[in-house]
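Asker: Line by line, the protein sequences give chains A and B. So the first sequence is residues 1 to 203, counted in full-length UniProt numbering. So the second sequence is residues 1 to 220, counted in full-length UniProt numbering.
Hints should not be assumed to be uniformly reliable.
[To be verified] Dumping the calculated EDC-like pairs for lysine to aspartate or glutamate here, alpha-carbon to alpha-carbon at most 20 Å:
| id | chain 1 | residue 1 | chain 2 | residue 2 |
| --- | --- | --- | --- | --- |
| 1 | B | LYS108 | A | ASP75 |
| 2 | B | LYS108 | A | ASP110 |
| 3 | B | LYS108 | A | ASP39 |
| 4 | B | LYS108 | B | GLU14 |
| 5 | B | LYS135 | A | ASP63 |
| 6 | B | LYS135 | A | GLU83 |
| 7 | B | LYS108 | B | ASP95 |
| 8 | B | LYS185 | B | GLU154 |
| 9 | B | LYS135 | A | GLU107 |
| 10 | B | LYS135 | A | ASP39 |
| 11 | B | LYS108 | B | ASP120 |
| 12 | B | LYS181 | A | GLU83 |
| 13 | B | LYS135 | A | GLU61 |
| 14 | B | LYS108 | A | ASP71 |
| 15 | B | LYS108 | B | ASP8 |
Derived from the structure by calculation, the hints contain no laboratory data.
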Amino acid sequence: MTVDPACRDGDAVPPPGPGRVTGWSQWSQRRGLERRLHDGAALRVSALALRLGLVRCRLPEDDVELHAAVDGMQDELHAVLQELRGIAAALYPPLLDEAGLGPALREEADRRGVGVTLDVPDNRFGATAEGAAYFAVAASLAARPAGRITVAAHRDGADLLLRVHGVPRAHAAHFREGAEPLGGSVGVGGGDPVTITARFPCG
Amino acid sequence: MRVALAEDGALFREGLQMLLRAAGHEVVGCAAGGDELVAMLTGVHADVAVLDIRMPPEPDGGLVTAERLRALYPSMGLLFLSHYAESHYLMRILDIGTDAIGYRLKEKVGSVEVLTDTLDRIHDGEIVIEPVLAKRLVERPRGDRRNALGVLTERELDVLRVMAEGRSNTGIAAQLYVTPKAVEKHIANIFGKLGLTTETTQQHRRVLAVLTYLRSQDAG
Chain A
1 MTVDPACRDG DAVPPPGPGR VTGWSQWSQR RGLERRLHDG AALRVSALAL RLGLVRCRLP
61 EDDVELHAAV DGMQDELHAV LQELRGIAAA LYPPLLDEAG LGPALREEAD RRGVGVTLDV
121 PDNRFGATAE GAAYFAVAAS LAARPAGRIT VAAHRDGADL LLRVHGVPRA HAAHFREGAE
181 PLGGSVGVGG GDPVTITARF PCG
Chain B
1 MRVALAEDGA LFREGLQMLL RAAGHEVVGC AAGGDELVAM LTGVHADVAV LDIRMPPEPD
61 GGLVTAERLR ALYPSMGLLF LSHYAESHYL MRILDIGTDA IGYRLKEKVG SVEVLTDTLD
121 RIHDGEIVIE PVLAKRLVER PRGDRRNALG VLTERELDVL RVMAEGRSNT GIAAQLYVTP
181 KAVEKHIANI FGKLGLTTET TQQHRRVLAV LTYLRSQDAG
């Protein structure tokens, strides 16, 4: 799918996700939306918090009510930004964009409180393979499987090869959803929990 | 205080400049990127440099700029402002330096008092960590550390959380409405229960010990 010029300019942003945008373009589009939030709305709201701070320091010191009102507005702006951060994480985690698969999965596992052993190199695999692989593993982590999960990644030819050990057999579906639209493949081995081997073409 | 700042978002850069001036600080350099700021600071003294993490040189120009500034001017304080508070970046920041350094969310330095308190603490050599992040680290420590923290009392967890923000004993006491002596006792208990030792009473070393503990995997 090509980017609708209207989306770039502003108003109607189609929700990315299964069924709407699939295949190669969705991941770079998602990353683009996250960057737009960071450089646009989030920056404006942060700047607004500073401007409110300027207003506050010009208020008469004894006007307790007005001071409290400005504090309340700044707290509200923080809450708005936290919501935008949540949306950004669901689109394309900024840490995945900036630091890659290893740091992003580490942060997500900590957030979920799931024990994960990661063997992921620092080298990068491109926005598409990294996005698809990240969200497949994240879906597995969200189910908080019992026991320790091992995630190993490396480049194999033109593919990102992901090996995930210690998840229920049913989780293979997450990996198929991520890999197959890219022309990748998924293999499942062992009993239950299983070892999933997923191939994500790096493009 | 003499403050230099680099931030690529014009709106935020302007706002921060105005707030710094309103707080009585002198802005001795203001740039849209790290390289520009380093050039600007040749022959110009700054007490603290305020840096956006995600700015030119891309992708995380704030970090490389901080490394250069720390090498050139070891006594210059460094304050990172970011839209995201991530432990990944906290660890990278602490790799650059463990004194006179801070990491805060952009919207959280929006008052003269907080901004000045943050800059003062950094100028005094302390570590300053965004409370939102410190709270997350204490509430969701890595792996098996979770069970280890289970032995702490509610009060000790409160102390640990404020301590992870980089607050001194007096700072912790003021925030929790207890005496500094009580704080000392709580901290001794926390360190004892977690099996942590610090050879030094230096406050920023102690903060570092706690942060490292929260982010490390339990070997046992």
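Asker: Hint compliance check: list the failing hint numbers for this structure, sorted ascending.
Answerer: 2, 5, 7, 10, 12 and 13
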